[in-house]
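> Starting from the given sequences, assemble the full structure and let the hints guide the process.
Listed below are the residues making up each chain.
Number of protein chains: 4
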Amino acid sequence: MCVATSGPGVTNLVTGLVTATSEGDPVLAIGGEVPVHERLKKTHQSLDAISLMKPVTKYSAEVVTANQLGEIMGNAIRVAESGRPGAAFISLPKDIGLADFTGDITHNWGKKLTQGGGAQSEIDVAAALINTSRRPMILLGMQASQTNIAPMLKNFLAKTKIPYTATFQGPGKWAQPADIETFVGRVGLFRNQPADHLLDQSDCIITIGYDHIEYDPSIWNQSNKRNLIVVDVIPADQDNDFVPTAEIVGDIGIILDELVDKLSPQIDNEFSNEVANALVLNKRTVSEGVQFNGSPVHPLRVIHELQKIITPDTHIALDVGSHYIWMNRYYGAEYARQVLVSNGQQTLGVALPWAIAMSLMFPDKRIISVSGDGGFLFSAMELETAKRLGVKFIHIIWDSASYDMVSFQEAAHYDGDTAGVQLGHYDVESYAKTFGCQGYNVKSADEIASVFQKAISCDVPVLINIPIDYSQNMRLMQDVIQSFVN
Amino acid sequence: MCVATSGPGVTNLVTGLVTATSEGDPVLAIGGEVPVHERLKKTHQSLDAISLMKPVTKYSAEVVTANQLGEIMGNAIRVAESGRPGAAFISLPKDIGLADFTGDITHNWGKKLTQGGGAQSEIDVAAALINTSRRPMILLGMQASQTNIAPMLKNFLAKTKIPYTATFQGPGKWAQPADIETFVGRVGLFRNQPADHLLDQSDCIITIGYDHIEYDPSIWNQSNKRNLIVVDVIPADQDNDFVPTAEIVGDIGIILDELVDKLSPQIDNEFSNEVANALVLNKRTVSEGVQFNGSPVHPLRVIHELQKIITPDTHIALDVGSHYIWMNRYYGAEYARQVLVSNGQQTLGVALPWAIAMSLMFPDKRIISVSGDGGFLFSAMELETAKRLGVKFIHIIWDSASYDMVSFQEAAHYDGDTAGVQLGHYDVESYAKTFGCQGYNVKSADEIASVFQKAISCDVPVLINIPIDYSQNMRLMQDVIQSFVN
Amino acid sequence: MCVATSGPGVTNLVTGLVTATSEGDPVLAIGGEVPVHERLKKTHQSLDAISLMKPVTKYSAEVVTANQLGEIMGNAIRVAESGRPGAAFISLPKDIGLADFTGDITHNWGKKLTQGGGAQSEIDVAAALINTSRRPMILLGMQASQTNIAPMLKNFLAKTKIPYTATFQGPGKWAQPADIETFVGRVGLFRNQPADHLLDQSDCIITIGYDHIEYDPSIWNQSNKRNLIVVDVIPADQDNDFVPTAEIVGDIGIILDELVDKLSPQIDNEFSNEVANALVLNKRTVSEGVQFNGSPVHPLRVIHELQKIITPDTHIALDVGSHYIWMNRYYGAEYARQVLVSNGQQTLGVALPWAIAMSLMFPDKRIISVSGDGGFLFSAMELETAKRLGVKFIHIIWDSASYDMVSFQEAAHYDGDTAGVQLGHYDVESYAKTFGCQGYNVKSADEIASVFQKAISCDVPVLINIPIDYSQNMRLMQDVIQSFVN
Amino acid sequence: MCVATSGPGVTNLVTGLVTATSEGDPVLAIGGEVPVHERLKKTHQSLDAISLMKPVTKYSAEVVTANQLGEIMGNAIRVAESGRPGAAFISLPKDIGLADFTGDITHNWGKKLTQGGGAQSEIDVAAALINTSRRPMILLGMQASQTNIAPMLKNFLAKTKIPYTATFQGPGKWAQPADIETFVGRVGLFRNQPADHLLDQSDCIITIGYDHIEYDPSIWNQSNKRNLIVVDVIPADQDNDFVPTAEIVGDIGIILDELVDKLSPQIDNEFSNEVANALVLNKRTVSEGVQFNGSPVHPLRVIHELQKIITPDTHIALDVGSHYIWMNRYYGAEYARQVLVSNGQQTLGVALPWAIAMSLMFPDKRIISVSGDGGFLFSAMELETAKRLGVKFIHIIWDSASYDMVSFQEAAHYDGDTAGVQLGHYDVESYAKTFGCQGYNVKSADEIASVFQKAISCDVPVLINIPIDYSQNMRLMQDVIQSFVN
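Protein chains in written order, with our numbering: chain H, 1 to 486; chain P, 1 to 486; chain X, 1 to 486; chain B, 1 to 486.
Incorrect hints may appear among the rest.
When chains are identical, the list treats them as one kind, so a pair holds in a single copy or across two.
Said to hold, decoys possible - Straight line, CA to CA, 25 Å or less: simulated DSS-like cross-link-like pairs of lysine-lysine: (1) Lys-112 with Lys-225; (2) Lys-112 with Lys-42; (3) Lys-225 with Lys-111; (4) Lys-433 with Lys-443; (5) Lys-42 with Lys-225; (6) Lys-111 with Lys-42; (7) Lys-42 with Lys-54; (8) Lys-54 with Lys-94; (9) Lys-387 with Lys-433; (10) Lys-262 with Lys-154; (11) Lys-308 with Lys-365; (12) Lys-225 with Lys-161.
Note that these hints are calculated values from the structure, not bench results.
The structure is reproduced here in structure tokens:
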């Protein structure tokens with residue numbers, strides 16, 4: 001829920017709302033507008049806000065008579081929260097905002113849609129396909145991360161023991177059965193992970209709560225050659241590389257319960273061995289972290305140190321940049337929605353505002369956010385907001401003096417050349433103190449642990465700058481399986 | 001499915017597509033377009049067809065690369081047919097239309113969404129409300145007319161014995177239990193029917209497959225004062241006069257089966273008596289028909305005569321105009337989707353093209369279409385199409401020498417004054433023969449039966465003109481209950 | 001100016017408005033709409049009319065408060081008439097339509113923009129280019145046909161003696177100097193006319209009031225290789241094949257007066273000879289008309305007969321189809337805007353409504369409209385309107401029992417194959433009489449003259465059907481120069 | 001000209017582009033986009049950027065084939081710069097961006113429209129009205145600030161000696177005749193200035209290059225009661241309070257030259273006295289500045305100090321906030337476009353980026369920007385950009401620890417109550433040094449002059465914080481005439 005004034009107040013919402021819509025997060029935004037009789041005129045801050053917002057929201061409506069207010073508000077909230085959630089925008093002209101409310105507040109305004117389970121016929125087809133598959137894989141997407149379906153998902157994964165991967169927005173290792181490791185790591189952006197290799201080998205992929213925007217089907221399901229079973233809250237877009245063999249639409253939790261009883265999957269040995277290899281590979285990479293010392297600091301070492309201060313109920317927000325690839329790949333989440341990430345629009349600057357919001361919602365929990373030095377500046381001024389609101393969190397900046405995620409991809413495409421990716425130095429400790437917060441400039445790897453400890457005990461927001469060593473970033477684009485084999 | 005050339009070919013589709021979308025009829029329309037590289041230029045027949053079509057379709061997309069064709073076609077068909085059906089539009093630039101198809105035709109393109117049943121929690125709430133209601137009523141809408149759910153609907157109505165009404169697009173008397181009359185007539189446009197009186201008295205209304213466009217909630221459910229249970233394929237729009245107490249979304253047939261087993265409705269005597277009165281009132285009106293003689297002919301007499309030639313498998317298409325109010329109210333349909341009607345957009349000229357389409361689909365069935373003399377001219381030239389295609393049907397024109405449905409409402413609003421509603425005379429028999437078809441100009445009521453018999457035996461399209469007596473049209477706006485009581 | 005009810009009333013306007021906008025004709029259209037507080041609801045005939053109309057008009061606005069009415073009406077009329085004219089649409093919700101008018105009617109509402117002349121600097125560049133050119137050509141477009149600039153245009157052509165061609169919408173032979181023939185015939189659709197050959201040879205083309213939609217620059221100015229001088233009321237769109245060397249924007253009449261005094265064009269002998277050849281070629285083709293006899297009738301014979309009854313103040317409306325290519329090429333107009341034609345959108349069915357409108361505006365003038373048998377049916381029902389209004393005109397149908405203009409182009413592209421272009425027979429005489437009008441079915445060429453004479457003396461609308469011989473239509477696509485040379 | 005990546009790169013442009021369009025500043029923005037064949041898919045950073053940008057730009061187009069690139073770029077630049085300038089947006093899909101350019105670079109791509117003068121008839125009407133007026137006033141708007149028309153404007157004002165006011169975006173005192181003071185101060189936002197009083201008394205107002213968005217006609221020309229003469233580059237929107245008596249559209253400079261020779265205005269004594277009073281009033285207010293001492297500092301004292309360091313060629317950028325009202329009213333500019341201001345959209349955060357841009361364009365000139373402490377944070381991170389680019393400028397922050405411009409208006413509306421306007425403290429000196437720039441926290445009025453001198457000699461960007469005394473802000477809304485009289 002956010003409220004903004006007219007004109008630039010509204011246009012400044014656009015990036016946030018497109019991010020919410022792409023990430024499936026419900027948001028109600030209300031923007032001011034000139035009085036109704038001036039809506040087509042050029043007057044201070046006049047704007048066709050509805051047309052502007054339509055491409056970036058699920059619902060965009062202008063209130064032009066007072067008795068529409070309940071209806072529009074009700075529909076906006078309902079649309080924002082139902083199905084795959086997203087942003088809704090209401091344009092509120094000045095005179096309507098000042099008018100008396102005329103609706104009936106006892107109505108059940110804005111009630112979220114309650115969905116049932118899937119169609120029996122599709123469930124039966126899906127069950128048959130899974131039961132005859134010998135190399136089944138599950139791909140979990142953002143809607144599988146909803147907290148309320150976590151029990152059904154865990155039950156499903158525990159009973160079927162089918163290996164699973166996830167997108168950057170999907171559930172992580174927390175969904176794993178207690179008795180067997182089946183989470184083979186995340187996939188995303190580049191098709192080079194152990195889990196990608198398993199998807200490639202699979203004869204039947206089950207996607208759960210997955211949206212194309214998370215990881216293009218053209219990357220992981222080219223030409224749609226295998227059986228594809230889709231479980232989701234809304235119908236799937238058809239795509240040359242994504243046409244489901246069976247499609248089960250409804251409440252994901254209910255569907256998983258309906259489906260699990262019909263399944264008795266059998267996985268052949270060869271595939272089980274590949275799964276085991278993948279698990280080994282991922283662990284090997286993560287375990288490298290401890291060994292990296294000095295300055296600048298290797299990403300895996302930072303993750304190694306972070307693991308130590310992430311408690312089972314810590315909330316984490318990731319910005320976008322090279323750090324988010326390392327983090328998504330090599331940090332396995334502890335519970336549903338523990339890690340917030342913008343992977344659909346890849347919006348720079350999300351981490352700090354998310355950290356503030358989480359601090360407001362969970363004042364007693366540990367809150368950690370991570371960004372690059374470039375992404376941090378996109379919303380750095382919000383530190384004033386944080387301080388004024390009296391919240392606390394730890395924000396860690398991986399400092400590469402560049403927009404590194406763009407830089408290493410440019411270098412890969414243009415024979416090592418880069419352009420427009422350099423970033424000037426700024427003093428993070430000084431920045432934090434400018435706003436009455438705490439800041440630390442870490443010098444080398446061995447300082448991290450103690451700085452983290454100091455940060456934990458602070459009662460104001462803390463910024464921590466870590467000079468980062470991205471010299472091994474090409475690994476992010478290389479085939480992990482290949483590099484392992486050789 | 002329709003195909004049109006670029007420019008006016010596309011703009012001429014607009015009225016048809018908005019009608020299809022408002023009436024819930026699936027249509028795929030493909031429009032030509034200038035070559036892709038000229039799409040932003042002013043060149044012969046260039047048009048921003050996508051923006052034009054967005055407001056009148058469920059899906060509107062332009063193919064700009066050949067490999068999008070399968071995807072866009074698949075999504076268009078899928079969207080057109082799924083949920084509440086409607087129109088989908090594809091803009092096909094000339095160069096793409098001439099390019100080779102590159103997609104994979106083995107894909108499951110365009111598969112309609114298969115929905116499951118409703119949410120158990122909502123079903124339980126609904127069942128409790130219905131079981132405690134003493135004056136329950138059912139309002140059937142357009143999606144309840146789908147042929148494939150007719151058995152479940154009939155079962156539901158038979159087992160619950162709850163009285164039902166329907167919109168002009170909803171099911172009619174065919175859905176009634178065998179052992180008891182529960183169809184209390186249709187509602188629509190004016191709130192003055194016996195069924196309106198029953199809705200008004202009801203403490204719990206169950207809408208099934210109903211869309212607001214069929215009959216405004218502000219008319220029949222003002223201020224949303226009673227329990228409202230909604231069964232539909234898509235979530236409902238919230239409205240000051242329509243906020244469901246329970247809302248069950250999914251496949252209507254499955255939901256009805258899930259719900260019916262939990263119901264044991266009890267209707268109090270007073271309400272049962274009101275239902276009985278309504279049934280009597282409706283029959284009394286219909287039975288007036290036989291007595292009206294001479295010329296011009298009373299609408300109820302025409303309906304009386306029509307009843308005689310409507311076999312149980314006759315297909316009927318209604319145009320818009322005063323005739324459609326009389327027909328919708330006083331003709332009870334025999335089976336699902338027997339009568340086609342445009343009541344959402346109230347599009348003049350639909351009857352003749354529908355008759356042609358039905359004749360193509362059901363060449364062995366009797367096809368009857370009805371229009372006013374004004375509405376007929378909106379698509380009268382399609383008689384050339386009908387003749388050329390070799391189809392046959394009977395089209396009856398209720399001739400009032402005016403746009404009467406506008407006329408009588410103008411008169412009611414402006415103390416008897418009317419404007420712009422006069423229509424000149426044209427010779428229907430001559431018109432038919434101009435195109436090589438058969439035509440009859442009926443002179444008086446007693447000729448109708450024999451002319452109908454002649455028409456039945458024709459093997460070309462037949463037009464029949466009947467001079468109509470609309471002097472009692474004010475009855476259409478008067479309160480039937482009141483006029484009965486007094 | 002046209003007014004329509006909501007829903008289909010509005011959608012039925014779309015084709016007319018896109019035609020007006022593409023042809024530069026000012027139209028104000030007012031469409032009904034549901035009450036303001038219901039504008040976002042699905043209710044009878046609700047429609048997002050503004051979004052629908054934006055792609056086909058110059059201005060589209062909804063009145064949502066009563067005090068906007070003067071402003072919106074004023075701006076709509078102003079935009080429709082100013083610059084290059086076109087359609088404007090106003091959506092008028094029912095409650096606003098019933099509200100009291102609150103504006104000030106003494107305001108100068110809707111005043112058309114008064115433009116000045118061109119920029120001196122551009123005029124000077126243009127004059128220098130024309131004066132140094134040796135093969136200058138003028139291409140006249142639709143805005144050069146405006147009646148009020150005819151005197152300046154004639155003066156310009158008389159003083160410069162530069163040869164000119166025109167698009168189908170541009171001025172014809174009436175603009176020619178009294179002392180020398182400089183009109184070398186029209187260009188359009190296919191690049192094969194004598195005037196096309198001259199454009200091709202020209203080193204400096206001056207377009208006056210020309211819009212790309214009339215005749216694609218990619219056809220007549222490929223790669224923009226020569227000097228191009230543009231005189232128009234609005235700035236030109238840039239195009240790979242149309243980037244002006246000098247561009248003079250303002251009131252065309254004033255600009256022509258400003259420019260003509262600076263010109264002393266010199267045309268070399270070779271080019272003058274080519275011009276002379278073109279004039280001979282065109283006359284030779286026209287003169288063939290008299291010789292074609294029998295049935296079906298050759299197009300040039302019909303034109304030959306038409307010439308005899310076209311008085312200097314006759315108004316003519318052409319529909320779209322093969323007939324309009326023959327007519328545009330081989331009938332030279334007598335005065336500005338004598339011939340109405342839809343060449344931008346090529347909208348079938350325009351001729352009959354235009355004939356009715358012209359009959360209302362010029363009740364004492366002779367009105368002739370021409371269509372094919374296919375195009376006629378697109379608006380044939382308007383004969384009822386014509387009869388009811390008491391107007392008169394002569395409408396001539398060139399009957400080919402097909403959509404011939406599509407047919408001959410299909411045949412040319414697909415080795416003689418055609419599809420979907422056949423049209424059934426209908427009896428035009430009978431059609432006319434059905435509506436109380438007069439009709440004639442001409443049997444052969446030698447009957448035409450006498451039928452035309454009978455038609456002239458009728459005081460009701462007259463339809464005349466002429467069986468047409470389109471066997472030589474391939475000539476329309478062949479290179480006239482080539483066929484002449486060989 | 002700006003370039004951004006796809007997704008959030010594009011959405012982050014929206015606020016800047018709407019500002020440019022509202023302020024009449026030409027901008028070409030190019031945004032990245034997913035490959036053409038993925039444009040309708042949900043894939044990383046996919047966005048319907050064209051629909052998004054249409055409401056905030058003059059031109060928005062997507063390149064979908066390589067040969068459109070020259071055309072679209074040409075039209076975008078042309079539209080952005082012609083008439084009233086504004087923003088143009090081009091969406092460049094990744095595959096098109098990588099394709100070879102195929103256009104002809106020798107074409108005259110993107111040439112700005114060259115306009116001529118006005119229509120003689122309108123000029124004559126205007127001249128007659130002005131010559132018979134006895135209380136003429138001129139209102140200068142944003143297009144009158146264009147540098148290239150400054151000589152004609154000065155000549156016009158010098159010869160006619162008509163008193164003039166200006167919007168915040170219009171020219172200031174620099175346009176005054178050498179021999180007589182005729183600039184009576186600016187008008188804007190609140191109708192309470194001496195110049196407002198004169199407009200109110202005037203019988204004939206001449207607007208030059210004025211757009212409604214600068215200062216609503218409903219404020220200064222209610223009911224359109226007097227003669228109104230409009231000189232502008234584009235036609236005016238009609239408004240209940242703005243319907244020109246004469247409207248002259250074309251190149252403003254040429255029009256002023258055409259008009260001035262026809263004028264011999266006569267101003268009556270009474271009005272001349274009112275003008276003299278206005279001049280006295282404005283000077284009296286400005287002259288108060290020197291007397292205010294201590295801390296926090298009175299706005300007029302800051303302006304007094306600023307005047308001392310503003311050289312005749314200093315460039316100034318204002319942010320939005322209470323400071324911009326004080327500055328616009330009490331600082332008279334020295335030359336055309338000396339002061340940049342966002343008054344149409346009133347976009348917070350413009351000053352710092354403008355200062356950077358001016359520093360790049362005019363590296364040898366003194367650059368001063370001013371913002372509030374709230375507005376500064378909207379773009380404060382760009383100090384990193386400034387430092388990296390090596391530019392220098394002086395940015396002055398008027399520190400009120402609040403969003404004061406909102407605050408004092410809230411207080412005025414809600415009996416002294418305010419909400420959501422508090423801002424936390426941040427240390428500006430520390431902020432500047434965080435980025436390697438220079439910063440000063442001024443403590444009291446008497447420090448300002450010396451700090452300004454230090455700032456002038458810095459070779460890095462300088463931030464200066466001044467605690468501001470806004471206790472007299474109610475004066476900004478009070479009637480200056482009234483307060484003077486009493």
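> State for each hint whether it applies.
Results for each hint:
| no. | hint | in the structure |
| --- | --- | --- |
| 1 | Lys-112 with Lys-225 | between (37 Å within a copy, 21 Å between copies) |
| 2 | Lys-112 with Lys-42 | between (38 Å within a copy, 20 Å between copies) |
| 3 | Lys-225 with Lys-111 | between (41 Å within a copy, 18 Å between copies) |
| 4 | Lys-433 with Lys-443 | both (18 Å within a copy, 20 Å between copies) |
| 5 | Lys-42 with Lys-225 | between (55 Å within a copy, 21 Å between copies) |
| 6 | Lys-111 with Lys-42 | between (37 Å within a copy, 19 Å between copies) |
| 7 | Lys-42 with Lys-54 | both (21 Å within a copy, 15 Å between copies) |
| 8 | Lys-54 with Lys-94 | both (21 Å within a copy, 24 Å between copies) |
| 9 | Lys-387 with Lys-433 | both (11 Å within a copy, 20 Å between copies) |
| 10 | Lys-262 with Lys-154 | within (16 Å within a copy, 32 Å between copies) |
| 11 | Lys-308 with Lys-365 | within (16 Å within a copy, 54 Å between copies) |
| 12 | Lys-225 with Lys-161 | within (24 Å within a copy, 51 Å between copies) |
When each numbered hint is compared with the structure, no violation occurs for any of them.
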